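A.B. asks: Chains A and B, in that order, give the protein sequences. Here the first sequence stands for residues 15 to 687, numbered as in the numbering used here. Here the second sequence stands for residues 79 to 238, numbered as in the numbering used here.
Simulated from the structure, these hints should not be mistaken for lab results. Certain hints may be false.
From the derived model, a few chain A residues whose C-beta atoms are all more than 12 angstroms from chain B [as the list claims (entries may be wrong)]:
{"#": "1", "residue": "R94"}
{"#": "2", "residue": "L391"}
{"#": "3", "residue": "L455"}
Capping the alpha-carbon separation at 16 angstroms, the derived lysine to aspartate or glutamate pairs in EDC-like fashion look like this [unchecked claim]:
{"#": "4", "chain 1": "A", "residue 1": "K399", "chain 2": "B", "residue 2": "D139"}
{"#": "5", "chain 1": "A", "residue 1": "K465", "chain 2": "B", "residue 2": "D180"}
{"#": "6", "chain 1": "A", "residue 1": "K554", "chain 2": "A", "residue 2": "E578"}
{"#": "7", "chain 1": "A", "residue 1": "K545", "chain 2": "B", "residue 2": "D139"}
Computed from a predicted structure; not experimentally measured. Every residue gets a Cβ at the ideal spot worked out from N, C-alpha and C, and that includes glycine.
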Amino acid sequence: MSQIGSFALLLALALSAYSFLAGLIALVRERDASSARLSETARRAGIAAFAVVFLAAFVLVVAAFQNDFSIAYIFHHSNRDLPAPYKFATLWSGQEGSLLFWSLLLSAYGLVLRLRYKTDVRLFAYASVIIAAVQIFFLLLLNFAANPFGVMQGSLPADGNGLNPLLQYPEMVIHPPMLYLGYVGFTVPFAFALAALAMRYPGEKWIHITRRWTMVTWGFLTCGIFLGAHWAYSVLGWGGYWGWDPVENASLMPWLTGTAFLHSVMMQEKRGMLKTWNMWLIFATFGLSIFGTFLTRSGVVSSVHAFAQSSIGDWFVTFLALIFATCVFFYVKNRSHLRSEHKLESLVSRESSFLFNNLLFVVACFTVLWGTLFPVLSEWVQGNKVTVGPPFFNRVNIPVALLLLVLTAVGPLLAWRRTSVESLRRNFFWPAMGALGIGILLLILGFRPWKDASYFYSLMTITLSVLVGLTVISEFVRGGRVIGRHTGQNLFASMLQLAHRNTRRYGGYIVHFGVIVIMIGFAGSAFNQDKEQEMGFGDKMTIGSYTLVCRSYTQDDNPNYGSEWAVMDVFQGGKQVGTLYPERRFYKASQQTSTMPRVRSTAKEDLYLVYEGQNQDTGRPIIKAHLNPLVMWIWTGVWLMIAGTVVALIPNAAPVRVPVPARLQAEPVGAGD
Amino acid sequence: MSRKMRQRISQLGLVCTLLLVLLGAGDDSARFVDLGHRLMCACGCHQILLECNHVGCSYSDRMRAELVAAVDRGDNDDLTLQSFVQKYGPTVLAAPTKTGFDRVAWIAPYAALVLGLGLVTFIVRAWRSRPLLLPADAPVPVHGTELEQFRQQARKETEV
Numbered sequence: 015m016s017q018i019g020s021f022a023l024l025l026a027l028a029l030s031a032y033s034f035l036a037g038l039i040a041l042v043r044e045r046d047a048s049s050a051r052l053s054e055t056a057r058r059a060g061i062a063a064f065a066v067v068f069l070a071a072f073v074l075v076v077a078a079f080q081n082d083f084s085i086a087y088i089f090h091h092s093n094r095d096l097p098a099p100y101k102f103a104t105l106w107s108g109q110e111g112s113l114l115f116w117s118l119l120l121s122a123y124g125l126v127l128r129l130r131y132k133t134d135v136r137l138f139a140y141a142s143v144i145i146a147a148v149q150i151f152f153l154l155l156l157n158f159a160a161n162p163f164g165v166m167q168g169s170l171p172a173d174g175n176g177l178n179p180l181l182q183y184p185e186m187v188i189h190p191p192m193l194y195l196g197y198v199g200f201t202v203p204f205a206f207a208l209a210a211l212a213m214r215y216p217g218e219k220w221i222h223i224t225r226r227w228t229m230v231t232w233g234f235l236t237c238g239i240f241l242g243a244h245w246a247y248s249v250l251g252w253g254g255y256w257g258w259d260p261v262e263n264a265s266l267m268p269w270l271t272g273t274a275f276l277h278s279v280m281m282q283e284k285r286g287m288l289k290t291w292n293m294w295l296i297f298a299t300f301g302l303s304i305f306g307t308f309l310t311r312s313g314v315v316s317s318v319h320a321f322a323q324s325s326i327g328d329w330f331v332t333f334l335a336l337i338f339a340t341c342v343f344f345y346v347k348n349r350s351h352l353r354s355e356h357k358l359e360s361l362v363s364r365e366s367s368f369l370f371n372n373l374l375f376v377v378a379c380f381t382v383l384w385g386t387l388f389p390v391l392s393e394w395v396q397g398n399k400v401t402v403g404p405p406f407f408n409r410v411n412i413p414v415a416l417l418l419l420v421l422t423a424v425g426p427l428l429a430w431r432r433t434s435v436e437s438l439r440r441n442f443f444w445p446a447m448g449a450l451g452i453g454i455l456l457l458i459l460g461f462r463p464w465k466d467a468s469y470f471y472s473l474m475t476i477t478l479s480v481l482v483g484l485t486v487i488s489e490f491v492r493g494g495r496v497i498g499r500h501t502g503q504n505l506f507a508s509m510l511q512l513a514h515r516n517t518r519r520y521g522g523y524i525v526h527f528g529v530i531v532i533m534i535g536f537a538g539s540a541f542n543q544d545k546e547q548e549m550g551f552g553d554k555m556t557i558g559s560y561t562l563v564c565r566s567y568t569q570d571d572n573p574n575y576g577s578e579w580a581v582m583d584v585f586q587g588g589k590q591v592g593t594l595y596p597e598r599r600f601y602k603a604s605q606q607t608s609t610m611p612r613v614r615s616t617a618k619e620d621l622y623l624v625y626e627g628q629n630q631d632t633g634r635p636i637i638k639a640h641l642n643p644l645v646m647w648i649w650t651g652v653w654l655m656i657a658g659t660v661v662a663l664i665p666n667a668a669p670v671r672v673p674v675p676a677r678l679q680a681e682p683v684g685a686g687d
Numbered sequence: 079m080s081r082k083m084r085q086r087i088s089q090l091g092l093v094c095t096l097l098l099v100l101l102g103a104g105d106d107s108a109r110f111v112d113l114g115h116r117l118m119c120a121c122g123c124h125q126i127l128l129e130c131n132h133v134g135c136s137y138s139d140r141m142r143a144e145l146v147a148a149v150d151r152g153d154n155d156d157l158t159l160q161s162f163v164q165k166y167g168p169t170v171l172a173a174p175t176k177t178g179f180d181r182v183a184w185i186a187p188y189a190a191l192v193l194g195l196g197l198v199t200f201i202v203r204a205w206r207s208r209p210l211l212l213p214a215d216a217p218v219p220v221h222g223t224e225l226e227q228f229r230q231q232a233r234k235e236t237e238v
């Protein structure tokens, strides 16, 4: 089995190398008659590479299901009693397997790209060569530094070490694939951008081609990040969902620059501006994806995700240096191709709002990068490491996030080129009044922003989120009314038609709406409470409006793990509203413990119970209860973001030709992005 | 501004400051929570002290007890944090201090923001002040295919 896998990886490397070299030669000798045929063989080699990498991944999964512990990777990450879905997840649960999974996804993206080559043969040939180059790097790693098919020395073990208990959770079967689809997916827009620069591609068609790739990739990365947050919330048992751990930060950084790119690329499409900036933004996004992988695997920074540390950091540093050098080379060579076609006409315009928006995203990214690497810098300068944890990140990033919220509210109300102050005031007045009203209402209801900075930020976040929400709604209503006037449809149908006529813009608004719902959820964390208590039979604990009564506590056992758990009745207002079963598991194969918190989730708050352990003297369980307001809003917001991304990917409906005077046609309904 | 007005503003400022100080004064449990979130558990779990949920973690229980004792003694925040640094090393603090080289950690993000804002504002102003690249003679009305081209461009830019 291991020989088939190893051979498949070697063959994939040979095919990718051929795809790269033949493709490159065909592009260099473009005028030769034989170059088209050579380019075609390169394309087919790239397609074949997918089949072979797929075979390698398939072999590894089969080995997991067959408990083939002669393969070291399977021994270290699986065991006989591991449930089937987690055996499948073995593929990405360790260093070597996840690199193979990365390579598989990259070859799958490459496959789609190479099958769609007729869209623009030359541009796709360039992009295909770049993707082959990235693929070579990962296959070199897999063949020579982190081979997942390495065999065990000595006698065969009877059973494996098992999967890390923290990874034995349903979301772990989908969280890494989503995250990797995001990370790897940025290779495609990067490849197109570099290709367009290298070949001095005329016009902005490459952006149109890559737009969907970028949005899909961004959507996957968004899903991956929030699935990770939900996993942390549901499994780690500390009551939070984001701890600013270096691995979390590694996923956030490309998301921030990718989001900036999705905004600023509109300026290039519409106005032919910011070409250099966009080029470097997508280079940076791809570079940060690779850098994130380096951070999580090199052991250069301390992380709770210590399962994947190894010595492959040098490979990544070299690769990053090569990427940077290649980007700089082509930029210096062809920078004249990136001159702006238009100039900015007004400070109060959509263009300038995008500039400030990009600045804030990049500053947020810099802050996360800076905070993540500062311990290394400190050790280098002072000789001792420091910790850069949540207090730092929250303090420096929250003001940036609030500024971004302001721009999210104002930006959509600004027109391209210039906006009159009068029009801005007209469109902004009612949303601003509404947000102000909510702010005052919150103060009346008991918000005390002067008591603590976190309360202040919470109030600002909710107020600004309401402002954004109202501007989004006003945009829908305003546009819907105009369409309704022309078509006679009711407001709801008109708004649907409006969104269908410009899916990208209105899909984007839905994403913005999702973001503010998430922000309101984050704001709730300022009011988190927790309480810890030893709970015997019938003992009570009160937290917030809840009273918890311990009905029982017991133990259980199955082949994979043994468990201790408590039965907690939950009362609210004197009435029983549910029963929760917080649990602690002991995994036999890995000899590790894991908590399984239980959550009662409502729109107002989450009651989150953790089985902390047993008092050794009394044998009674210690229960920690967290009361986390508004957490459900975060997960709801993510669904809205996904829905918005899907809407933005739907092709626009054909524009309706209304025989009205030109002056009316120019009315900004569903206009622009 | 008249003298009386200035006096009124000063008095208002004083009242506001006192109000903020009085309202912001926390009790011991609030101080414990605040300080406990500024410290890391020293067991190597990379979690905030009050969020470490490792069952039987010998560090977090001991450290919490030490924190409770320090708060009960009435030690001020600096003294309390310093005593933890003395005992567990500088990585016990959840964020860099605001002294020495650590200060750079705090300054850099804000400096980047201010620098970036200045740069973008400068770029916007510079772009705006550039003369439009129009022909010397006055613009003439356009008709026919040329007008349609402009309409196409407007549609592209506004997606009407």
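A.B. asks: Now, for every hint given, state plainly whether the structure supports it.
C.D. replies: Outcome of the hint check:
1. R94: Given that every Cβ of chain B is farther than 12 angstroms from that of A:R94, nearest at about 27 angstroms, it holds.
2. L391: Contrary to the label, A:L391 does not stay out of reach of chain B, its closest Cβ about 8 angstroms off (not over 12 angstroms).
3. L455: holds (20 angstroms)
4. A:K399 to B:D139: Answer violated: A:K399 to B:D139 is near 24 angstroms, above 16 angstroms.
5. A:K465 to B:D180: Status violated; Cα separation ~27 angstroms.
6. A:K554 to A:E578: Given pair A:K554, A:E578 is violated - Cα atoms ~19 angstroms apart, limit 16 angstroms.
7. A:K545 to B:D139: holds (15 angstroms)
The structure fails hints 2, 4, 5 and 6 (numbered hints given earlier, in ascending order).
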